[in-house]
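Starting from the known structure of chain A, arrange chain Y on it as the hints suggest.
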Amino acid sequence: MAPAAITLAADAPKLSSADTGFMLICSALVMLMTPGLAFFYGGMVRVKSTLNMLMMSFISLGVVTLLWMLYGFSMAFGADRGSLIGWTSDFVGFSGIGKAELWPGHTIPVLVFAVFQLMFAIITPALISGALADRVKFTAWALFLVLWATVVYFPVAHWVWGTGGWAYQLGVIDFAGGTAVHINAGAAALGVILVIGKRVGFKKDPMRPHSLPLVMLGAGLLWFGWFGFNAGSWLGNGDGVGPLMFVNTQVATATAMLAWLAYEKLRHGAFTTLGAASGAVAGLVAITPSGGAVSPLGAIAVGAVAGVVCAMAVGLKYRFGYDDSLDVVGVHMAGGVTGSLLIGLFASGKGQSAVKGLFYGGGPDQLWKQCAGVFAVLAYSLLASAVLAFLLDRTIGMRVPEEEEVSGIDQSQHAETAYDFTGAGGGVVTAVTVPSLAAVQGKAVQGMATQSKAKQSKKVDA
Amino acid sequence: MKLITAVVKPHRLDEIKEALQAFGAHGLTVTEASGHGRQRGHTEVYRGAEYTVDLVPKIRIEVLTEDDDAEQLIEVIVKAARTGKIGDGKVWSLPVETAVRVRTGERGPDAL
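Chains as they are written, first to last, in our numbering: chain A, 119 to 580; chain Y, 404 to 515.
Which stretches of chain A does chain Y cover? Using the computed rule of at least three CB atoms under 8 Å from a CB of chain Y, they are:
| hint | segment |
| --- | --- |
| 1 | 318 to 330 |
| 2 | 388 to 400 |
| 3 | 424 to 436 |
In short, the hints are calculated from the structure, not lab data. Just so it is clear, the structure is predicted and the values come from calculations on it, not from any experiment. We treat Cβ as the ideally placed atom computed from N, Cα and C, and that holds for glycine.
The shape of chain A in the complex, shown without the other chains (with noise of 0.2 Å):
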């Protein structure tokens, strides 16, 4: 994230039309990455969770909108309160702001800026999913939400990128969301894990991923719209750190694919497709708080280092026997923290900032203030979402009934399946939903059996 230079009135940026599209078009970028996410998660799982899978990312697309158009911009990048929290009533609803209003230091729209946030905001609690595979009720989802980006994402953002937020203030480096993005997701997804607990038959039954090609195009996807969430990260500023953070992105995720190839290569005997789409994506992850401070060859160590580590860190989960369904924990937590710490050693000083890392004769400094802003958001971001996990459990329940999970979530949720294999499904078309619904959970519902019981003896009547 761009640090806002201070400027004075006299020589403010002026609007400038290059930076304000090529930010639309990151923006857009940013967007598709949580189609991609959803396809990426919903390939990993089994056939009969496929859809809640993918419903579980887009369900954010809508609400998050409404919630960072509402409130939640002002909350992360209003004005700063005790350096905790922002607030500015004008951004409340994106009424109060002008069309042609700077934002502050740049050379972009308010609007735009207000938009490009959005869709991390979006994408960073759909990330959570992942972890919760299988077995969460649909509407518990979409109230952890809310709960989540208001009490843990729009303070933790404000923290690391408000300009008055404490971890901007100490100097943490953290250029397109490894702390507020992936750490904070991935400790989110820990933290729930650890109060809703495993899925049936987790360790025993084979749990494999149903549709490898769905993985690779959904990676294929993120890799894609990274470029925006990253190079966009610079807002447009026209000092080369944008063209610097595209290129480290690209060659760490190269990096960070062949590590974790070679790595399940001589500890497992083959290079897999699912090893070469979760390569990437660590990649992407490590570089995304790095690329800004590191040197293309820089990025090559952060990447191999991702790599490595993400590969290592997924098998944690059989070891402790927490259940990371699709390795959230795994990748983004690990991934964030890899890379948020790496700028300590890496930061070649010639990137966003002055600030040089250990290797470079830095000292052990700025690796400091990593690690306090490493520490900060995964302890925040764990403790708030496990509370956040077991209010809704104990109020409305989180999971689904264990007869559903097994049975597939896709139908008891959604009402459908994610693949018509025969051709021979059968059945009949009606307008009752509703019953057949209550049916697959095991519910009565009143009235409805009477009703269809009345039709059926009219027919024989007739």
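Okay, now just chain Y, sitting in the frame of chain A:
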């Protein structure tokens, strides 16, 4: 009449089909099946987690035949299906009480 059932490796299907046609079998039914014999399964790795997949994809072929042709037909299938490696499959036969051709209503061997 006899019902011959063969559960074999999927990639032998074409050879078996051609051999049956050459022998003069009237028809066959093919379904995708999965299972294992002594072969057991194979191992797959997903993000380092190893899964033993013990149900292996197979093809099930069913052919109805007259009693006199049964032994020969079994031989034809076995010959076409054999690769000599573990997992080649099984062929067996069962007596069939009756068969009806749906279009004409013919019964017994005439229906084959």
